[in-house]
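*Asks:* Protein chains in written order, with our numbering: chain X, 1 to 786; chain B, 1 to 339; chain Z, 1 to 162.
Treat the hints as calculated values from the structure; they're not laboratory data. One should not assume that every hint holds.
[As the list claims (entries may be wrong)] A short, non-exhaustive set of chain B residues, derived as facing chain Z with CB atoms under 8 angstroms:
#1 P50
#2 F52
#3 F54
#4 G80
#5 L84
#6 V85
#7 D95
#8 S99
#9 S125
#10 L151
#11 K223
#12 K259
All C-beta atoms, glycine included, are put in the ideal place defined by N, C-alpha and C.
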Amino acid sequence: MEKFDVIRSYAPRLDAPDKATGKAIFTDDISRPGMLYGAMLQSPHAHAKIISIDTSKAERLEGVKAVITSKEAGTIKYGVSPARYDETVFATDKVRYVGDEIAAVAATTLEIALKAVDLIQVEYKVLPAVLTIEDAMKEGAPQLHEEFAGNLCAEVHQEFGNVEEGFKKCDIIKTTTMKSKRQDAAFIEMQACLAEIDRRGTLTLTTSSQVPHYVQRTVAMVLGMDVGKIRVMKPYVGGGFGIKAAANHQELVCCILARMLNKPVKMNFTREQVFKYARARHQFTHVITTGAKKDGTLVALKHECYLDGGAYTSFGIATVYYSGALLSGPYKLPNMSYDGYRVYNNKPACGAQRGHGAVIARAAFEQQMDMIAEEIGMDPMELRIKNMMNAGDTTCNDLNMSSFGMSECIEAVREGSDWDKKKGTLPKGKGIGMACGFFVSGAGFPIYRSDTFHCTVICKLTEDGGAALVYTASAEIGQGSDTAFAMIVAEAIGIPLENVRLASGDTDMGVDLGAYSSRQTLMTGHAAKEAGEHVRQQVLEVLATQLNTPVEELDIKKGFIEFKNKTPDFSALRTRYIKEHRGWTDNPDSEKLTFKEASRIAFLEKGSIVGTGKYRPHWLGGKFKGAAVGTSPAYGCSAQVAEVTVDIETGQITIDNITDAHDCGKAINMNSVEGQMQGSISMGIGEALHEEVIFNDKGEVLNNDLAEYKIVTSMDMPPVKAIVIESDEPNGPFGAKEVGEGAIMPTIPAILNAVYDAIGVRISELPLTPERVYNAIQAYKEKKSA
Amino acid sequence: MIFTIFCVRHYEYDVGIDIFLSTYRFLYDSAMDYQIISINQKGENFMLLPKFEFYEPTSIQQAIELKKKYQGKAKLLAGGTDLLVHLKKKLITTDHIISLSKIKDLSQIKEERDFIEIGACVTMSQLSKSKVIQEKFSALKEGGDNLGNHLIRNRATIGGNVCGASPAADTLPALLVYQTQVLLQGPDGRRKVAIESFFKGPGKTIIKDDEILTGFELPIPQKNCGAHYIQLGKRKSSEINVVNVASFIEINPGNKTIKNCRIALGAVAATPIRSFFAEDALKNKTADETAFYEAGEVARRKDCKPIDDFRGTAEYRRAMIGVLTKRTLETAYKQAMAQ
Amino acid sequence: MKRIINLTINKIIYEHAVEVNTTLADFLRYELGLTGTKKGCDTGDCGACTVILDGDTVNSCLVLAVQADGAVIETIEGLSNEDGLHPLQQAFVEKGAIQCGFCSPGVIMSSKNLLDKNDNPSNQEIREGLSGNLCRCTGYTKIFEAVSSQCSDNKGGSHGKI
């Protein structure tokens with residue numbers, strides 16, 4: 001095995017000391033002299049025609065600097081995917097959900113801005129609203145967007161192999177329906193932004209975003225400015241989980257106000273507005289039919305899915321494809337069909353959230369795997385291993401598993417959870433369940449059609465070689481990417497981690513598509529590695545000339561120059577270095593030539609040593625419509641075992657523990673890999689047990705705070721055993737691939753399978769609130785006694 | 001009277017009059033006139049507090065004078081965990097806030113021979129740490145320990161929890177089973193009211209505009225008594241109860257019959273209520289599993305009148321009253337036997 | 001209407017005029033520039049604004065600045081000094097207990113207060129002592145490990161695994 005000096009260790013994160021001491025700066029921590037405060041007027045109605053907007057009273061209020069509506073902001077359409085731009089900064093003719101933006105104010109204080117918002121008079125004609133998929137699809141239902149008849153935002157129809165023929169060969173066919181609820185990502189930092197424009201016309205937007213690059217492009221398009229005149233920076237970001245992966249209207253409004261007024265403008269979402277903006281996981285209804293032979297061989301899968309999309313598309317086109325595409329693995333499955341429908345209605349738009357599109361489909365499918373195993377009397381783990389794809393296999397929809405430690409993951413959780421001893425032997429009320437899952441390590445294509453590099457990285461040595469400075473436009477949003485890239489660069493050059501400094505999250509530093517689809521470790525990691533290697537090569541080449549040694553015989557390890565054969569006499573170089581630093585007391589006296597000396601010499605010969613790196617995946621996927629979605633250079637995979645105790649009388653579920661094994665390829669930072677696994681599990685538990693966004697019949701979110709939207713607290717989190725499985729991914733930098741999203745895939749179905757094991761009844765609707773579990777137990781009892 | 005559908009949770013002082021837990025929306029549809037305040041009807045999005053005058057009286061007398069002066073318009077501030085949230089969310093407004101934190105008398109737990117007096121501004125954390133509460137009023141401790149989370153418990157006061165008059169409030173069932181007297185003081189002097197008759201409805205109490213709740217008097221339970229409290233929610237911290245129950249039991253140690261028993265149910269009526277039918281069913285019965293189960297059944301069928309809301313259906317609430325009643329009785333009994 | 005308040009924050013005495021409707025969180029953040037105290041909800045649900053007020057942790061978004069008149073307050077900025085990080089902060093760094101870091105100041109203040117009051121909390125007590133601090137990134141596991149490593153039983157080098 002290749003020996004690494006920096007990666008594959010438990011490294012303290014670069015940002016942790018600042019974050020532990022309160023020094024780390026997040027967007028709302030920044031203020032500017034003369035800064036104005038922005039506030040928005042949002043629709044109180046789920047569906048209404050705007051008859052008139054009167055801003056005159058608001059404008060007259062002292063301290064108000066501007067009141068803007070679509071008149072000032074324009075009506076350029078934007079969104080996530082160019083194929084479906086269906087939003088404007090402000091509603092023009094009508095509002096489509098409670099929270100649709102109508103106008104905004106900038107004022108000298110927040111208080112005045114809010115008062116001014118209150119003074120804007122809007123006359124509405126309230127229209128009938130549709131709040132569910134069912135109502136939206138009814139004949140004659142009110143239409144949200146004229147262009148999309150029947151409120152159908154998108155539909156997908158795919159078939160790979162021949163499903164009907166496949167079913168004919170099956171001994172067992174299972175059909176189940178599974179429903180989930182809308183989620184909220186519930187990151188702790190609410191969206192905030194600060195826009196400012198300098199005297200030369202450069203607009204700088206500082207924002208809590210996962211994707212400075214896409215925000216930059218959207219701002220450029222909507223404001224009609226050159227990309228070169230716009231700089232988007234993200235300071236530290238308090239989580240995103242997919243919701244901050246596109247430009248939001250607040251960012252656009254803030255830029256418009258700043259440009260108009262030539263003053264810095266700051267805007268913040270309240271927690272309530274976070275819920276109004278939404279863009280988190282859709283509500284899914286899956287109808288899945290799986291066919292297998294009696295020896296357990298999977299043959300065919302028929303899948304139908306309905307997505308409750310809300311008023312706009314956001315990531316929805318990708319979501320509806322992802323929901324289908326990612327069931328083609330990790331099991332060998334020759335025949336698969338998918339019919340997906342994303343439906344508009346008068347609720348806030350849904351978008352992408354950790355495990356984009358695939359989480360509930362996975363939850364439904366993995367339960368069917370258990371049903372089949374039960375029916376044929378096979379251990380659920382055996383059934384999965386029997387059908388498991390191997391490294392190098394390609395799914396029926398052309399996804400290639402270039403590395404695949406799935407079976408190793410299953411074995412690890414089998415042993416780690418003591419599965420063989422527990423499965424089938426636990427008392428009533430206690431249960432054990434497992435599931436598998438996999439996910440992309442970065443989308444194969446950018447969101448907009450382009451041949452762009454997905455990321456670029458610059459690495460520059462300080463003139464004394466004391467530090468490698470890394471510049472990347474990637475987005476550290478809490479996942480630990482800054483540390484991972486610094487480690488990769490340190491490894492690539494051959495220097496200790498403490499000699500690498502890194503700056504990120506700024507569009508001035510290059511192109512990086514950002515933190516979504518679990519892409520950064522693999523993609524930006526590649527670019528970082530290449531930039532580091534580029535620097536290393538330049539230093540070694542200078543050294544080779546100076547020492548008259550072939551460059552192939554030189555290496556850098558732990559900050560020292562290694563010579564493969566005989567160490568040449570480098571005393572002249574050392575003397576030259578020391579002469580450069582007269583009066584300094586820390587002159588090198590090591591037996592080995594140091595990297596510092598070598599890079600100083602390189603600088604003296606060549607000037608600044610700058611390395612660049614870039615990455616763009618090779619062409620991936622098939623040729624059918626939608627083939628791009630689901631493609632990735634690599635796939636991470638995982639298996640989990642959940643143990644639960646169900647209070648049969650009340651329906652309350654306690655998760656006793658979870659054992660998780662994840663194949664992330666070669667782990668860069670073990671701390672971060674385990675952290676992603678544990679965090680994914682916590683989010684999965686919340687979604688499985690108590691998270692749902694609840695609306696009233698007016699389309700208002702009832703539980704729009706973190707008291708009533710119930711994420712996992714410290715009291716709910718079970719002990720987690722996180723086992724890192726390291727395959728060697730040929731397409732990954734140093735063999736690395738994803739962990740950020742794949743790790744959530746098995747959590748929900750593992751819990752569902754464990755609950756079934758505990759109470760003998762399957763529950764087809766999430767979340768598993770005590771009441772839902774109680775009702776299921778009662779219904780089961782009645783059925784049994786009848 | 002304005003009720004809101006907005007389901008605010010915690011626990012505070014005297015804002016209750018305007019606050020209506022969604023739990024009780026349907027129950028009162030016909031009985032009372034209410035209006036649904038749409039959240040943010042005007043796009044007021046930021047959580048700024050309104051402007052108000054702020055008073056910090058140092059004696060109860062001063063506080064009463066202020067309250068009298070502003071009649072119903074002043075709000076009392078104790079822990080702030082409800083009042084400030086409601087003000088920020090614009091569920092209520094006020095021009096005058098009277099802080100009680102400078103009145104030291106209100107923050108004490110006094111132990112007398114036969115009873116204890118808990119000041120209105122005693123926090124949940126204080127309750128939890130108090131020796132006499134731990135030893136003699138364990139159900140109240142459990143109630144306080146389950147309220148919100150550690151941060152809320154450091155601020156939320158028992159007076160606030162009671163005046164909020166939420167049917168699901170954590171300390172109320174225990175206060176009911178311990179036969180608590182509510183101590184009120186106004187310009188005309190003091191009065192004591194049995195806690196059963198203190199609540200008039202969700203967020204509604206019998207406190208007059210010029211009165212202040214100063215504390216609670218709880219008789220110290222005698223030997224052979226035990227009590228227990230259980231709440232049911234969706235997660236294990238920071239919860240708003242779907243239902244909650246406290247039971248108090250006094251046994252004849254000789255024959256293990258139930259001499260006395262009190263059961264209180266939360267979130268199944270407009271106020272927390274006593275489960276009188278279940279209590280009657282247990283009187284003089286031998287304390288055993290069957291008796292406790294049957295008491296639960298009686299409580300479920302006869303005593304509770306729950307409604308549906310987004311936290312739970314009436315049917316589920318009913319069923320859980322049965323389970324929690326039985327379980328609280330079992331633990332209370334064990335405690336009584338252990339004495 | 002402004003009022004003069006006197007209070008001690010991180011051992012420094014402040015005399016300041018504040019509006020009575022300013023919360024302690026906003027006062028710390030926007031008037032004193034102590035932005036280490038975060039706001040994640042403004043309604044006492046998330047714990048990101050946790051500070052220690054007269055020895056007890058509170059949501060500073062639910063305390064008026066005027067209520068803190070005469071109080072002694074510790075914020076995250078007061079924990080580290082010129083000698084470096086507080087051992088608890090160091091433990092959070094080393095155990096990987098910090099991801100996005102937005103909840104971290106609040107979590108660390110709650111942990112500190114817990115350990116101040118009880119130098120050897122049990123695992124259950126650690127969970128309870130953090131029950132008001134929501135963290136969406138870490139799943140709490142490494143936070144528990146970090147706090148546990150600072151218990152008197154574990155300080156001798158045990159890894160504080162839970």
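*Asks:* Does each hint fit the structure? Answer for all of them.
*Replies:* These are the hints, each one checked on the structure:
Given hint, P50(B) at the interface with chain Z, holds; its Cβ is 7 angstroms from that chain's nearest Cβ, closer than 8 angstroms. Among the interface hints, the one on F52(B) holds; its C-beta lies about 6 angstroms from the nearest C-beta in chain Z, closer than the 8 angstroms criterion. The closest approach between the C-beta of F54(B) and any C-beta of chain Z is roughly 4 angstroms, which is under the 8 angstroms cut-off, so the hint is satisfied. Satisfaction of the interface hint for G80(B) is found here, the shortest Cβ-Cβ separation to chain Z being roughly 5 angstroms, below the 8 angstroms cut-off.
Annotation: interface hint on L84(B) holds; nearest CB of chain Z at approximately 5 angstroms, less than 8 angstroms. Against a cut-off of 8 angstroms between C-beta atoms, the interface hint on V85(B) holds, since the closest Cβ of chain Z lies about 5 angstroms away. For D95(B), the interface hint is violated, since its Cβ never comes within 8 angstroms of a Cβ in chain Z; the closest pair sits about 11 angstroms apart. Hint status for S99(B): holds, given a least beta-carbon distance of 7 angstroms to chain Z, under 8 angstroms.
A hinted interface residue such as S125(B) counts as satisfied when its beta carbon comes closer than 8 angstroms to some beta carbon of chain Z; here the least separation is about 7 angstroms, so the hint holds. Residue-level restraint check for L151(B) holds (minimum Cβ-Cβ distance to chain Z is 3 angstroms; threshold 8 angstroms). About 31 angstroms separates the beta-carbon of K223(B) from the nearest beta-carbon of chain Z, more than 8 angstroms, and the hint is not met. Checking K259(B) against chain Z: minimum C-beta separation of about 35 angstroms lies over 8 angstroms; hint violated.
Checked against the numbered hints listed earlier, the structure breaks hints 7, 11 and 12; every other hint is satisfied.
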